[in-house]
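A.B. asks: Given the sequences, and given the hints that come with them, work out the whole structure.
There are 2 protein chains.
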Amino acid sequence: MTDAVKKTEYDVVVIGAGPVGENVADRTRAAGLTTAVVESELVGGECSYWACMPSKALLRPVVARADARKVPGLSGAVRGPLDADAVLAFRDEETSHWKDDGQVSWLDGIGAVVHRGKGRLTRAREVTVTGPDGEETLLTARHAVAVCTGSKAVVPSLPGVADVRPWTSREATSAKEVPGRLVVVGGGVVGVEMATAWQGLGAQVTMLVRGKGLLPKMEPFAGELVGEALTEAGARILTGVSAASVSRAGHDGPVTVELDDGTTVEADEILFATGRAPRTDDLGLDTVGLEPGSWLTVDDSCRVEGSDWLYAVGDVNHRALLTHQGKYQARIAGDVIAARARGTLPETDRWGAHAATADHAAVPQVVFTDPEAASVGLTLAEAEEAGHRVRAVDYDLASVAGSGLYAQGYKGQARMVVDLDREVLLGVTFVGPGIGELLHSATIAVAGEVPVERLWHAVPSYPTISEVWLRLLETYRG
Amino acid sequence: MTDAVKKTEYDVVVIGAGPVGENVADRTRAAGLTTAVVESELVGGECSYWACMPSKALLRPVVARADARKVPGLSGAVRGPLDADAVLAFRDEETSHWKDDGQVSWLDGIGAVVHRGKGRLTRAREVTVTGPDGEETLLTARHAVAVCTGSKAVVPSLPGVADVRPWTSREATSAKEVPGRLVVVGGGVVGVEMATAWQGLGAQVTMLVRGKGLLPKMEPFAGELVGEALTEAGARILTGVSAASVSRAGHDGPVTVELDDGTTVEADEILFATGRAPRTDDLGLDTVGLEPGSWLTVDDSCRVEGSDWLYAVGDVNHRALLTHQGKYQARIAGDVIAARARGTLPETDRWGAHAATADHAAVPQVVFTDPEAASVGLTLAEAEEAGHRVRAVDYDLASVAGSGLYAQGYKGQARMVVDLDREVLLGVTFVGPGIGELLHSATIAVAGEVPVERLWHAVPSYPTISEVWLRLLETYRG
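Chain order of the listed sequences is A and B.
Residue 52 in full-length UniProt numbering sits at position 52 of the first sequence, with consecutive numbering throughout.
Residue 150 in full-length UniProt numbering sits at position 150 of the second sequence, with consecutive numbering throughout.
These are computed hints drawn from the structure, not numbers from a lab.
All residues carry an ideal CB built from backbone N, CA and C; glycine is no exception.
Check before you lean on any hint, since a few could be wrong.
Claimed, not checked - Derived, one-sided and incomplete: chain A residues facing chain B with beta-carbon distance under 10 Å:
1. 79
2. 99
3. 102
4. 402
5. 434
6. 436
7. 437
8. 461
C.D. replies: Laid out in structure tokens, this is it:
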């Protein structure tokens, strides 16, 4: 240890200053624990600059136009194209032009200390930060180190892939202009959202989907309805195909994708929305007996199994790769670190204050496409696989008065999965225009384990789309 | 009794074939009880032809345009006026052009017998129907008579009022053209909705409000935000004033309203949105010892106090003058009539299957204005007046990421009223664009009595407006 290495001791060291790291720090600071936050890129993380915020900024105008086109008296006015420059400028605003001053100020405001640089574990309770100029700082954590480094896009190692400079979710959300033609590889959430956004903004999108359909983790009707609308909007969806190789003509020429069926697709850019990997490969995990590059397995308090000081919160623990779920874990992890620091017994029973129970039972997700697709909890297939005795109750969302008032020619579908033994809901899925905000009713019903007989007393306001709740309950009663 | 009078016996006789009467019949028929439904106007009732359906058909384009104007890349396209003819045509479609064939078929389909004509009680368990041609039919009810006649608009008896042919909610929802200038008297739900609709469709609206502000039954910020937006849209709102007299120049000339402050307002039409009265004045209530023209007081099973056969369901019992709440009561009343007919003990405990408990604890309402205003349960003032130990938790809806993505320049407000003794929510109010579907989350939380500590596990999906739930809970925790 030379004089050149600064040493600092904190109660808690957080690696990664995305929304998850910020929320861990928020809770540990609220409990009076000194807290360092280490970040090698922008404070605010993937969500603020290359995921939720920019993607939704690009999507909202596309979805709002799709909805407005179904409104009488208004539809004629919105037949034309969107002003893509205005949308991109809005996206730039919503990402604070990829500057993190506001987020740094927020961390300053709660009294967390930001260390700019790459944080690596160097032994138990010790994180070494390599700053931008190569200077090293050694941080010791009295109580806990929380790894909140998130995940990164996986680009498959296809022949030619490096040469085409492929887009990942980062480039897809931060692109400065609308590509003429865009190939989207992958039919999951990132794939359908970015296909919707760029097709809506004027690109000609072709989706390459390995499986049978889109949104394979949701109820089957979600991918079907979103796929229909994407096709209607002019996108081309090829299912059951994979890219075999890719190449780009010259430096700025078009990309050619050779498919495994021998055909080719040409485009100006190619986006790989083909999954995520944990950001744990260069984190010094080996110094504490863990496998670099692996997902970190944690208990419900987000503590790494076998450790009494190491926490992994957010995407990196692979429980639920969603910003809001990571923030939920962060609130719990921050509180539980504080409780253990005080010597208080944490409340880690199911649904206790220090147990991320919703990760198992009530993970919500809204896909901001046209139509919106939203779900919480288990799908029918998941519930059956988990051994629950269940019944799926389906209802055509277009048959609800509020839907027809919301949009002419409304298309949508709702499903609730009822646990027949406990008479509570295990999962709910809504797909249709204007249902994004409706999801939280289902999240409260599922997480709150509100009995079906009590849900009968939760009267939906007429004529909203939420009346589908009444129809689902009536259908269940039969 | 002459041969000219037809006599028919049913298990149940329902007077009034609005949504409430239809739902009572639906439940009694499902239980196998023979059921007659008496209707003197259109089957489907006020809601289908002169309230919910036409008003929302007129409002949706206005609100959708207001929202679209706040969306980047789209706002320019929707600067112009709405196509009012298209909106009126849509309204005509949504009311089935004021024809009730579909609703009659539905009643036929469930096996209820429709009697066209005016139904009046003539003694206990007996309803005499006077048909369109004056022919009388005497219906006897073995088990129950359900009065579902609803309510009607009250027009104050001002000097000159008959001569101006004033609009009530019926004319306001069924008008065939947009008036040049419209005076709206009253600042409640009907007043603000119709002011929003007609101002948005091109009328110059002036509101005359007796009290200090709009929407006096909701949290104060609801009326304030709706009033601001109405003013921005070009409407004129005069508060603390009343109409003293009205007159119309000639037969089709303008209406002049003289106010109690001596000033006058001129318009082409005048709408009185000044309250409702029960439709019980010509119902033969005196033949069964009740007061004609009075609201009918019922217990939680919707049975009229002191009677073992007479039920009053929907507006007419004055518990909650809302279609959805009337339908809720109807499901319960229909079931309880069936239970009592079977000799089964009804479940009339709090939140039981046969108790309309939500009428007291969890009445939801969405006001379809720009911004939308939605509430469930008690306001702070109501909770305090009822003697609860409560805390109101407020949050600026504009500070939620999802709000800024939904609309630029978003303005809104949220409040939850927490019962400090039981740590459950007694009421929730949201005001802002795009929150109509969010209300049901609050309705489930309030009706479900989901504890605050469990609501922490109901994670709002990011970045939706529903994230306000997290902010409210954080604010409550402090």
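A.B. asks: Against this structure, judge whether each hint is valid.
C.D. replies: Status of each hint after checking the structure:
1. 79: This hint holds: residue 79(A) lies near chain B, its Cβ roughly 8 Å from the closest one there, short of 10 Å.
2. 99: violated (17 Å)
3. 102: Interface hint status for residue 102(A): violated (13 Å vs cutoff 10 Å).
4. 402: Residue 402(A) check passes; min Cβ-Cβ to chain B is 8 Å, inside 10 Å.
5. 434: holds (6 Å)
6. 436: holds (5 Å)
7. 437: holds (4 Å)
8. 461: Status holds, d = 4 Å.
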